[in-house]
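Asker: Using the sequences plus the hints, can you model the full thing?
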Amino acid sequence: MVAADGGALRSKRLALRLDLIVGDADSIDAASLEQYRDDGVEVRLLPAAKDASDTELALGAAFERGATTVTLLGALGGLRLDHALANVGLLARDGFAGRQIELLDASCRVSLVRGDGVSFGPVRHNLVGPIGGLVSLLPVGVGTTGVTTVGLLYPLRDEPLPAGTTRGLSNVRVDESASISVRTGLLLVVESATNDATARIEATNTTAIAAIPPPNPSLR
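Per numbering that gives the first Met the number 0, residue 0 is the first one in the sequence shown, and the count goes up by one each step.
Mixed in with the good hints, there may be bad ones.
To be verified - In the SDA-like style, the derived pairs of lysine to any residue whose C-alpha atoms are separated by at most 20 Å in a straight line are: (1) K49 with G88; (2) K11 with A105; (3) K11 with G73.
Said to hold, decoys possible - Cβ pair distances, simulated, as ranges: (4) P154 with R43: 25 to 33 Å; (5) L168 with L103: 40 to 48 Å; (6) A192 with R43: 28 to 36 Å; (7) A51 with D18: 15 to 23 Å; (8) Q99 with P161: 20 to 28 Å; (9) M0 with A96: 19 to 27 Å; (10) D157 with D37: 51 to 59 Å.
I should point out that these hints are in silico values taken from the structure, not numbers from a laboratory. From the three backbone atoms N, C-alpha and C, an ideal C-beta is built for every residue, glycine too.
Answerer: So, in C-alpha coordinates, the structure goes:
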(Lines of atoms letter the chains of each structure in order from A and count residues from 1; the text may use other names and numbers.)
(Lines give C-alpha, C1' and ligand atoms only; values in the text may rest on other atoms or scores of the structure.)
Protein backbone atom coordinates (compact mmCIF):
# COMPACT_ATOMS: atom_id res chain seq x y z
CA MET A 1 0.00 0.00 0.00
CA VAL A 2 1.32 3.42 -1.02
CA ALA A 3 0.23 6.68 0.64
CA ALA A 4 0.49 10.10 -0.94
CA ASP A 5 1.75 12.50 1.71
CA GLY A 6 -1.01 13.21 4.29
CA GLY A 7 -2.85 10.11 3.15
CA ALA A 8 -0.50 8.28 5.51
CA LEU A 9 -2.28 9.84 8.49
CA ARG A 10 -5.65 8.62 7.26
CA SER A 11 -4.16 5.18 6.70
CA LYS A 12 -2.95 5.17 10.29
CA ARG A 13 -6.44 5.99 11.60
CA LEU A 14 -7.76 3.05 9.57
CA ALA A 15 -4.99 0.77 10.86
CA LEU A 16 -3.73 0.08 7.33
CA ARG A 17 -0.19 -1.20 6.89
CA LEU A 18 1.84 1.01 4.55
CA ASP A 19 4.77 0.00 2.37
CA LEU A 20 5.68 3.43 1.00
CA ILE A 21 4.91 7.12 1.59
CA VAL A 22 5.46 9.51 -1.34
CA GLY A 23 5.11 13.28 -1.08
CA ASP A 24 6.53 16.69 -0.27
CA ALA A 25 5.48 16.57 3.41
CA ASP A 26 3.19 19.60 3.19
CA SER A 27 0.31 17.69 4.82
CA ILE A 28 2.11 15.40 7.26
CA ASP A 29 4.35 16.32 10.18
CA ALA A 30 7.98 15.33 10.57
CA ALA A 31 7.32 13.33 13.74
CA SER A 32 4.80 11.11 11.98
CA LEU A 33 7.20 10.51 9.11
CA GLU A 34 9.96 9.56 11.54
CA GLN A 35 7.62 7.14 13.29
CA TYR A 36 6.80 5.51 9.98
CA ARG A 37 10.51 5.15 9.22
CA ASP A 38 11.02 3.49 12.60
CA ASP A 39 8.22 1.08 11.70
CA GLY A 40 10.03 0.06 8.53
CA VAL A 41 7.96 2.08 6.06
CA GLU A 42 9.91 3.58 3.15
CA VAL A 43 9.50 7.37 2.94
CA ARG A 44 10.24 9.04 -0.40
CA LEU A 45 10.40 12.82 0.15
CA LEU A 46 9.91 15.09 -2.86
CA PRO A 47 10.52 18.81 -3.42
CA ALA A 48 7.51 21.11 -3.08
CA ALA A 49 8.24 22.61 -6.52
CA LYS A 50 7.72 19.77 -8.99
CA ASP A 51 5.92 18.98 -12.23
CA ALA A 52 3.54 16.33 -10.90
CA SER A 53 1.22 15.94 -7.92
CA ASP A 54 1.98 13.69 -4.96
CA THR A 55 -0.88 11.45 -6.08
CA GLU A 56 0.49 11.02 -9.60
CA LEU A 57 3.96 10.21 -8.28
CA ALA A 58 2.56 7.78 -5.71
CA LEU A 59 0.57 6.08 -8.46
CA GLY A 60 3.70 5.75 -10.57
CA ALA A 61 5.58 4.33 -7.58
CA ALA A 62 2.91 1.66 -7.12
CA PHE A 63 3.36 0.53 -10.72
CA GLU A 64 7.15 0.60 -10.34
CA ARG A 65 6.72 -1.88 -7.50
CA GLY A 66 4.84 -4.28 -9.74
CA ALA A 67 1.21 -3.36 -9.11
CA THR A 68 -1.13 -4.22 -11.98
CA THR A 69 -4.32 -2.86 -10.43
CA VAL A 70 -4.52 0.26 -8.27
CA THR A 71 -7.46 1.64 -6.29
CA LEU A 72 -7.12 5.29 -5.26
CA LEU A 73 -8.85 6.11 -1.98
CA GLY A 74 -9.58 9.65 -0.79
CA ALA A 75 -8.90 11.11 -4.23
CA LEU A 76 -12.39 12.50 -4.92
CA GLY A 77 -13.17 14.52 -1.81
CA GLY A 78 -11.70 17.42 0.08
CA LEU A 79 -11.94 21.16 -0.50
CA ARG A 80 -9.87 21.29 -3.70
CA LEU A 81 -11.99 20.68 -6.79
CA ASP A 82 -8.89 21.11 -8.94
CA HIS A 83 -7.18 18.24 -7.15
CA ALA A 84 -10.23 16.00 -7.53
CA LEU A 85 -10.44 16.74 -11.26
CA ALA A 86 -6.71 16.20 -11.67
CA ASN A 87 -7.00 12.83 -9.93
CA VAL A 88 -9.77 11.77 -12.30
CA GLY A 89 -7.63 13.00 -15.17
CA LEU A 90 -4.85 10.61 -14.14
CA LEU A 91 -6.97 7.76 -15.50
CA ALA A 92 -6.51 9.18 -19.01
CA ARG A 93 -2.74 9.74 -18.75
CA ASP A 94 -0.93 8.07 -21.66
CA GLY A 95 1.77 6.81 -19.33
CA PHE A 96 -0.81 4.74 -17.46
CA ALA A 97 -2.38 3.18 -20.55
CA GLY A 98 -2.78 -0.55 -20.09
CA ARG A 99 -2.98 -0.17 -16.31
CA GLN A 100 -6.13 -0.83 -14.34
CA ILE A 101 -6.89 2.17 -12.12
CA GLU A 102 -10.05 3.14 -10.27
CA LEU A 103 -10.98 5.94 -7.88
CA LEU A 104 -13.20 4.86 -5.01
CA ASP A 105 -15.02 6.66 -2.22
CA ALA A 106 -18.16 6.09 -0.14
CA SER A 107 -20.51 7.24 -2.89
CA CYS A 108 -19.01 6.19 -6.21
CA ARG A 109 -16.42 4.30 -8.22
CA VAL A 110 -14.69 5.96 -11.21
CA SER A 111 -12.87 4.03 -13.93
CA LEU A 112 -11.86 4.55 -17.55
CA VAL A 113 -12.45 2.52 -20.71
CA ARG A 114 -9.91 3.01 -23.50
CA GLY A 115 -11.03 2.09 -26.99
CA ASP A 116 -8.21 0.39 -28.89
CA GLY A 117 -9.36 1.42 -32.35
CA VAL A 118 -11.55 -0.01 -35.07
CA SER A 119 -8.98 -2.58 -36.21
CA PHE A 120 -8.82 -4.20 -32.79
CA GLY A 121 -12.55 -4.21 -32.07
CA PRO A 122 -14.34 -2.75 -29.05
CA VAL A 123 -12.92 -2.98 -25.54
CA ARG A 124 -15.31 -4.40 -22.95
CA HIS A 125 -15.56 -3.16 -19.37
CA ASN A 126 -17.60 -5.10 -16.79
CA LEU A 127 -19.52 -3.08 -14.20
CA VAL A 128 -19.32 -3.94 -10.51
CA GLY A 129 -21.98 -1.72 -8.90
CA PRO A 130 -25.35 -2.88 -7.52
CA ILE A 131 -28.54 -3.37 -9.51
CA GLY A 132 -30.43 -0.09 -9.31
CA GLY A 133 -27.20 1.87 -9.04
CA LEU A 134 -26.54 4.84 -11.27
CA VAL A 135 -24.03 4.56 -14.11
CA SER A 136 -22.79 7.66 -15.94
CA LEU A 137 -20.70 7.53 -19.11
CA LEU A 138 -18.63 10.66 -19.73
CA PRO A 139 -16.45 10.96 -22.85
CA VAL A 140 -12.95 12.40 -22.42
CA GLY A 141 -11.04 14.40 -25.02
CA VAL A 142 -12.45 14.26 -28.55
CA GLY A 143 -15.19 11.81 -27.61
CA THR A 144 -15.83 8.12 -28.21
CA THR A 145 -17.30 5.90 -30.92
CA GLY A 146 -18.85 2.45 -30.91
CA VAL A 147 -20.27 2.66 -27.39
CA THR A 148 -22.46 -0.32 -26.55
CA THR A 149 -24.05 -1.06 -23.18
CA VAL A 150 -25.44 -4.30 -21.77
CA GLY A 151 -27.62 -4.50 -18.68
CA LEU A 152 -28.43 -0.78 -18.44
CA LEU A 153 -31.91 0.73 -18.49
CA TYR A 154 -31.21 3.09 -21.39
CA PRO A 155 -29.20 1.10 -23.96
CA LEU A 156 -26.58 2.33 -26.39
CA ARG A 157 -25.81 0.20 -29.43
CA ASP A 158 -22.57 0.95 -31.27
CA GLU A 159 -23.16 4.69 -30.89
CA PRO A 160 -20.88 7.72 -30.59
CA LEU A 161 -20.67 9.88 -27.48
CA PRO A 162 -19.10 13.19 -28.57
CA ALA A 163 -17.11 15.39 -26.22
CA GLY A 164 -19.31 17.43 -23.91
CA THR A 165 -22.47 15.37 -24.34
CA THR A 166 -24.61 14.56 -21.30
CA ARG A 167 -26.40 11.69 -23.01
CA GLY A 168 -24.53 9.12 -20.94
CA LEU A 169 -25.49 10.72 -17.62
CA SER A 170 -27.56 8.88 -14.97
CA ASN A 171 -28.21 5.53 -16.57
CA VAL A 172 -29.37 2.70 -14.30
CA ARG A 173 -28.01 -0.81 -13.90
CA VAL A 174 -30.77 -3.41 -14.32
CA ASP A 175 -28.84 -6.68 -14.69
CA GLU A 176 -26.09 -8.56 -12.86
CA SER A 177 -24.19 -8.98 -16.14
CA ALA A 178 -23.76 -5.32 -17.06
CA SER A 179 -20.96 -4.08 -19.28
CA ILE A 180 -19.83 -1.27 -21.56
CA SER A 181 -17.89 -1.59 -24.80
CA VAL A 182 -15.98 1.23 -26.52
CA ARG A 183 -14.43 1.10 -29.98
CA THR A 184 -12.39 4.32 -30.00
CA GLY A 185 -11.72 7.11 -27.53
CA LEU A 186 -11.70 7.44 -23.75
CA LEU A 187 -14.83 6.99 -21.65
CA LEU A 188 -15.11 7.70 -17.93
CA VAL A 189 -17.46 5.33 -16.11
CA VAL A 190 -18.94 6.57 -12.82
CA GLU A 191 -20.86 3.96 -10.83
CA SER A 192 -22.88 5.36 -7.93
CA ALA A 193 -25.11 3.79 -5.34
CA THR A 194 -28.48 5.53 -5.21
CA ASN A 195 -31.52 5.77 -2.99
CA ASP A 196 -33.51 7.34 -5.81
CA ALA A 197 -36.91 5.62 -5.67
CA THR A 198 -37.66 6.29 -9.34
CA ALA A 199 -34.40 4.68 -10.48
CA ARG A 200 -35.02 1.61 -8.36
CA ILE A 201 -38.61 1.27 -9.57
CA GLU A 202 -37.44 1.41 -13.18
CA ALA A 203 -34.57 -0.96 -12.51
CA THR A 204 -36.89 -3.65 -11.16
CA ASN A 205 -39.54 -3.08 -13.86
CA THR A 206 -42.09 -2.18 -11.20
CA THR A 207 -44.67 0.42 -12.12
CA ALA A 208 -44.79 3.63 -10.15
CA ILE A 209 -48.45 2.94 -9.34
CA ALA A 210 -47.55 -0.36 -7.68
CA ALA A 211 -45.16 1.46 -5.39
CA ILE A 212 -47.92 3.72 -4.09
CA PRO A 213 -50.03 2.26 -1.22
CA PRO A 214 -53.69 1.68 -2.16
CA PRO A 215 -56.10 4.33 -0.87
CA ASN A 216 -57.66 3.81 2.54
CA PRO A 217 -61.47 3.72 2.15
CA SER A 218 -61.90 5.19 5.62
CA LEU A 219 -60.26 8.42 4.40
CA ARG A 220 -62.84 9.02 1.67
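Asker: Could you run down the list of hints and mark each one as holding or not?
Answerer: Status of each hint after checking the structure:
| no. | hint | verdict |
| --- | --- | --- |
| 1 | K49 with G88 | 18 Å, holds |
| 2 | K11 with A105 | 18 Å, holds |
| 3 | K11 with G73 | 14 Å, holds |
| 4 | P154 with R43: 25 to 33 Å | 46 Å, violated |
| 5 | L168 with L103: 40 to 48 Å | 20 Å, violated |
| 6 | A192 with R43: 28 to 36 Å | 35 Å, holds |
| 7 | A51 with D18: 15 to 23 Å | 20 Å, holds |
| 8 | Q99 with P161: 20 to 28 Å | 26 Å, holds |
| 9 | M0 with A96: 19 to 27 Å | 24 Å, holds |
| 10 | D157 with D37: 51 to 59 Å | 57 Å, holds |
Comparing the model with each numbered hint stated earlier shows that hints 4 and 5 do not hold.
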